[in-house]
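Chemist: One letter stands for each residue in the lines below.
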Amino acid sequence: MNFHSIRAIYVFEMARTFRTIAQSIISPVLSTVLYFIVFGTAIGSRIEDVNGVDYGAFIVPGLIMLTLLQQSVTNASFGIYFPKFVGTIYELLTAPISFIEVTIGYVGAAASKAVMIALIILATSTFFVDVQIAHPFWMVAFLLLTAVSFSLLGFIIGIWASNFEQLQLIPLLVITPLVFLGGAFYSADMLPPAWQVVMHLNPVFYLISGFRWSFFGLADVPVEVSLMAVSAFLVVCISFIWWIFKSGWKLRS
Amino acid sequence: MSPVISIKNLSKTYEGGFKALDDVSLDIRKGEILALLGPNGAGKTTLISAICGLVRPSSGSITVGGHDIVEDYRAARSLVGLVPQEINIEPFEKVIATTRFSRGLFGKPRNEAHIERVLRSLSLWEKRNSKNMELSGGMRRRVLIAKALSHEPSVLFLDEPSAGVDVALRRDMWQLVGELRDAGVTIILTTHYIEEAEEMADRIAVINHGKILVVEDKARLMAQMGQKHMTLELVEALDALPDCLGQYGLNRSADGMSLHFSYDTQAERTGITRLIADLAAQGISVRDIVTKQSSLEEVFLDLVGEEA
Ligand SMILES: Nc1ncnc2c1ncn2[C@@H]1O[C@H](COP(=O)(O)OP(=O)(O)OP(=O)(O)O)[C@@H](O)[C@H]1O
Ligand SMILES: [Mg+2]
Numbered sequence: 001m002n003f004h005s006i007r008a009i010y011v012f013e014m015a016r017t018f019r020t021i022a023q024s025i026i027s028p029v030l031s032t033v034l035y036f037i038v039f040g041t042a043i044g045s046r047i048e049d050v051n052g053v054d055y056g057a058f059i060v061p062g063l064i065m066l067t068l069l070q071q072s073v074t075n076a077s078f079g080i081y082f083p084k085f086v087g088t089i090y091e092l093l094t095a096p097i098s099f100i101e102v103t104i105g106y107v108g109a110a111a112s113k114a115v116m117i118a119l120i121i122l123a124t125s126t127f128f129v130d131v132q133i134a135h136p137f138w139m140v141a142f143l144l145l146t147a148v149s150f151s152l153l154g155f156i157i158g159i160w161a162s163n164f165e166q167l168q169l170i171p172l173l174v175i176t177p178l179v180f181l182g183g184a185f186y187s188a189d190m191l192p193p194a195w196q197v198v199m200h201l202n203p204v205f206y207l208i209s210g211f212r213w214s215f216f217g218l219a220d221v222p223v224e225v226s227l228m229a230v231s232a233f234l235v236v237c238i239s240f241i242w243w244i245f246k247s248g249w250k251l252r253s
Numbered sequence: 001m002s003p004v005i006s007i008k009n010l011s012k013t014y015e016g017g018f019k020a021l022d023d024v025s026l027d028i029r030k031g032e033i034l035a036l037l038g039p040n041g042a043g044k045t046t047l048i049s050a051i052c053g054l055v056r057p058s059s060g061s062i063t064v065g066g067h068d069i070v071e072d073y074r075a076a077r078s079l080v081g082l083v084p085q086e087i088n089i090e091p092f093e094k095v096i097a098t099t100r101f102s103r104g105l106f107g108k109p110r111n112e113a114h115i116e117r118v119l120r121s122l123s124l125w126e127k128r129n130s131k132n133m134e135l136s137g138g139m140r141r142r143v144l145i146a147k148a149l150s151h152e153p154s155v156l157f158l159d160e161p162s163a164g165v166d167v168a169l170r171r172d173m174w175q176l177v178g179e180l181r182d183a184g185v186t187i188i189l190t191t192h193y194i195e196e197a198e199e200m201a202d203r204i205a206v207i208n209h210g211k212i213l214v215v216e217d218k219a220r221l222m223a224q225m226g227q228k229h230m231t232l233e234l235v236e237a238l239d240a241l242p243d244c245l246g247q248y249g250l251n252r253s254a255d256g257m258s259l260h261f262s263y264d265t266q267a268e269r270t271g272i273t274r275l276i277a278d279l280a281a282q283g284i285s286v287r288d289i290v291t292k293q294s295s296l297e298e299v300f301l302d303l304v305g306e307e308a
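Line order of the protein sequences matches chains U and B.
Using the working numbering, the final residue of the first sequence is 253, and nothing's skipped along the way.
Using the working numbering, the final residue of the second sequence is 308, and nothing's skipped along the way.
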C-alpha cells in the first residue's frame with residue numbers, strides 16, 4: 001500500500017472538486033429546495049403524518065439519499081472517465097500502484113464530495129422543517145457506507161463507459177428511478193401489497209429505510225437487514241473492481 | 001553487467017488479430033541511450049507500452065532492473081518514466097500541480113526542490129501556474145517530460161520526443177537527454193529522424209513489422225557509413241582494367257565509361273592520390289569525379305527495404 005500515491009490522487013481530485021465548488025453545490029441544493037417547496041409544503045400539507053412523523057420531515061432522509069446516490073455515482077464515474085477521455089490514464093496504468101490505491105484515491109474523493117453535499121442538504125432542510133436525528137452515529141455510518149458503495153459503482157461505470165452518453169445513462173436510467181421507487185417520498189405500507197413485494201427487490205429501498213430509521217427510529221425493514229444489504233453491495237463492487245484491474249478490462253489492450 | 005531491461009521472446013497480437021510484435025528479444029544496457037528506429041506502424045510504441053505495462057504481452061517476458069513486470073510490477077514500474085507519443089494532458093490543471101501529481105502517484109514523497117529543478121531544466125518554471133491548455137504544443141510535450149522526470153526514474157522512455165518540436169527546443173532536449181545520461185539514467189527513444197539517432201544514441205535498434213532487424217553500436221554503424229563511393233567518368237571507354245590497377249578493387253561499368261572505387265574516409269590514407277596518379281600513368285583520362293557517402297538513412301532503408 002502506497003500512501004503517497006493515494007494522497008496524490010485524492011488531493012488532485014479534491015482540487016478539481018473545489019475548483020468547481022459553486023456549481024457542484026448550487027445545483028443539488030437548489031433542487032432540494034424545490035423538492036421541499038413542492039413535496040413538503042404544497043403537497044405535504046395535504047398528506048397526514050407518516051407513522052407520527054410530519055411529512056415534511058419524513059422526506060428529508062429520502063431527499064438526502066437521492067442526492068447522495070446521484071452525487072456518488074456521478075462524481076466517481078466522471079473522476080475516472082475523464083483521464084480516459086483526455087488520455088492521462090496512461091500514467092495511472094504505468095504507476096507502481098495496485099487497484100487498491102487507485103480505488104481508494106478516486107472513490108475516497110468522490111465519496112467525500114458526495115457526503116459534503118449531503119450534509120449541506122441536511123443543513124438546508126433545517127430551514128424548512130424541524131429535523132430530529134435519533135441515532136446520529138448510525139446516520140453518519142449509513143451516509144458513509146452508501147457514499148462509498150455507490151462511488152464504487154460509479155467508478156465501475158466510469159471505466160465501462162466509452163462515451164459521455166453512456167456515462168450519464170446509468171445515473172439517469174437506473175439510480176433516479178430506484179430512489180423514487182425505493183420509498184424516498186413514502187413509506188412502503190402506503191403502497192398496495194403487490195407493489196410492496198416489488199419494492200423489496202430494490203436495493204435502494206433498504207438504504208432509505210435504514211437511513212430513515214437513524215432519523216426517526218422507524219423503518220420498513222429491520223436496520224440489520226439494511227446494513228447487510230449495503231455491505232453486500234459494497235463487497236460485490238469491490239470484487240468487480242479487483243477483477244477489472246486484474247484482467248485489464250477496458251483499460252489495457 | 002546485467003541489462004537494466006531484458007526482453008525475451010516478446011510477442012503481441014492485438015485483439016483484432018494483428019501481430020504488432022513478433023518474437024522480440026532485446027537487452028538494454030544500464031546507462032545507455034538506445035534509439036528505436038522504424039517506420040510508422042513498426043511496433044515501437046507497442047514495444048514501449050508492453051515494457052511500461054500499458055499493453056499486455058501475448059507471450060514472452062520482460063524484466064526491468066531484474067524485476068518481472070507482471071510478478072513484481074511495483075518494483076519494476078517505480079524505475080520507469082514514460083513520455084508518451086500522444087500529448088495526453090489534463091487540460092484544466094496547472095503545470096506545477098500536474099507535475100506534483102505524477103511524483104506522488106509514483107509513490108514518492110513531496111519534494112518541491114526537485115519539482116522546481118525539473119521545471120526549470122525544461123524552461124517551464126515561468127509557466128508553472130498556467131493551465132496546461134494555455135500552453136503551446138511544444139510546451140505541453142515538455143510538461144509530459146517534466147511529469148516523467150518528477151519521480152526520478154532510472155529508465156526513461158521518450159516516444160517520439162521531437163515530434164512537433166522546433167529546432168531550438170530539440171537542441172535543448174538533446175542536451176537534457178545528455179545530462180540525464182551523465183546522471184546515469186538509461187534512455188530509450190523512438191524517432192523517425194535519423195540524425196536524432198545519430199546525434200544522441202549509443203546504440204541503434206531498427207524495428208519493422210514487429211521484428212528487430214538489427215541492434216548495433218552506433219559507432220559500428222557509423223563505420224559502415226564511413227564507406228564512401230567514388231565514380232570516375234572516363235573520356236574514352238576502357239575495354240579491360242590494366243593489371244597494375246588491381247590493388248584498388250575497382251569496378252568497371254558495363255559500357256566501360258566509368259570506374260567505381262570504394263574507400264574508407266576514416267582510414268589514414270584513402271589511396272585516392274595514388275589511384276589518380278596510376279590512372280594518369282596508364283594514359284586513362286578522367287572527365288569527372290562523383291563521390292557519394294552512404295548514410296545511416298541508407299543503411300536503414302536497406303534494412304527495412306530488404307525485409308519488406
Ligand atoms: N490498440 C491496438 N489495437 C489494434 N492494433 C493496434 C493497436 N495499437 C497499435 N496497433 C497496430 O500495431 C502496429 C504497431 O503500432 P505501433 O503504434 O506500435 O507503431 P509505431 O512503430 O509506434 O508507429 P509510429 O511511428 O507511427 O508511432 C500498427 O499496425 C498498429 O495499427
Ligand atoms: Mg509510435
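There could be a bad hint or two in this list.
Cut-off 27 Å, straight-line C-alpha distance, at most; resulting in silico cross-link-like pairs (DSSO-like, lysine-lysine) [what the hints assert, rightly or not]: (1) B:K8 to U:K246; (2) B:K8 to B:K19; (3) B:K211 to B:K8; (4) B:K8 to U:K84; (5) U:K84 to B:K108; (6) U:K84 to B:K292; (7) B:K228 to B:K127; (8) B:K228 to U:K246.
One-sided and incomplete, this derived list gives chain U residues near chain B with beta-carbon spacing under 8 Å [unchecked claim]: (9) H4; (10) S5; (11) F12; (12) T17; (13) V86; (14) G87; (15) Y90; (16) A95; (17) V115; (18) S162; (19) N163; (20) Q166; (21) I170; (22) G217; (23) K250; (24) R252.
Calculated directly from the structure, the hints in this document are not laboratory data.
Keep in mind it's a predicted model, so treat the numbers as computed, not measured.
The beta-carbon is built from N, C-alpha and C at its ideal position, and this holds for glycine as well.
Chemist: Run every hint past the structure and note whether it holds.
Modeler: Hints versus structure:
Taking the CA atoms of B:K8 and U:K246, the gap is near 23 Å; set against the 27 Å cutoff, the hint holds. For the hint pairing B:K8 with B:K19, the CA-to-CA distance comes to about 16 Å; that is within 27 Å, so the pair holds. In summary, the hint linking B:K211 to B:K8 is supported, as the alpha carbons are separated by about 13 Å, within the 27 Å threshold. Our distance criterion of 27 Å between C-alpha atoms is broken by B:K8 and U:K84, whose separation comes to about 30 Å.
Note on U:K84 and B:K108: the hinted pairing holds, with a Cα-Cα distance of about 24 Å set against a maximum of 27 Å. For the hint pairing U:K84 with B:K292, the CA-to-CA distance comes to about 50 Å; that exceeds 27 Å, so the pair is violated. Taking the CA atoms of B:K228 and B:K127, the gap is about 48 Å. The hint is violated against a cut of 27 Å. A distance of roughly 55 Å separates the Cα atoms of B:K228 and U:K246; the hinted pair therefore is violated under the 27 Å criterion.
With its C-beta approaching chain B no nearer than about 5 Å, U:H4 sits inside the 8 Å limit, and its interface hint holds. Annotation: U:S5 was flagged as interfacial toward chain B, and the flag holds, the nearest CB pair being 5 Å apart, inside 8 Å. A distance limit of 8 Å between C-beta atoms decides the matter here; for U:F12 the minimum to chain B is near 5 Å, and the interface restraint holds. Annotation: interface hint on U:T17 violated; nearest CB of chain B at approximately 12 Å, more than 8 Å.
The interface hint given for U:V86 holds, since its Cβ lies 6 Å from the closest Cβ of chain B, which is under the 8 Å cut-off. The beta carbon of U:G87 is positioned within 8 Å of a beta carbon in chain B (closest approach about 3 Å), and the interface hint is therefore held. At about 6 Å, the closest approach between the beta carbon of U:Y90 and any beta carbon in chain B falls short of 8 Å, and the interface hint on this residue holds. Hint status for U:A95: holds, given a least beta-carbon distance of 5 Å to chain B, under 8 Å.
Taking 8 Å as the C-beta contact cut-off toward chain B, the hint placing U:V115 at the interface is violated, the least distance being around 23 Å. Using the Cβ-Cβ criterion of 8 Å, the hint placing U:S162 at the interface with chain B is not satisfied: the shortest such distance is roughly 14 Å. Proximity of U:N163 to chain B is violated relative to the hint, the smallest CB-CB distance being about 18 Å (cut-off 8 Å). A distance limit of 8 Å between C-beta atoms decides the matter here; for U:Q166 the minimum to chain B is near 20 Å, and the interface restraint is violated.
A cut of 8 Å between beta carbons decides the hint on U:I170: the least distance to chain B is about 24 Å, and the hint is violated. Annotation: interface hint on U:G217 violated; nearest CB of chain B at approximately 45 Å, more than 8 Å. Against a cut-off of 8 Å between C-beta atoms, the interface hint on U:K250 is violated, since the closest Cβ of chain B lies about 12 Å away. Nearest Cβ of chain B to the Cβ of U:R252: about 5 Å, under the 8 Å cut. The hint holds.
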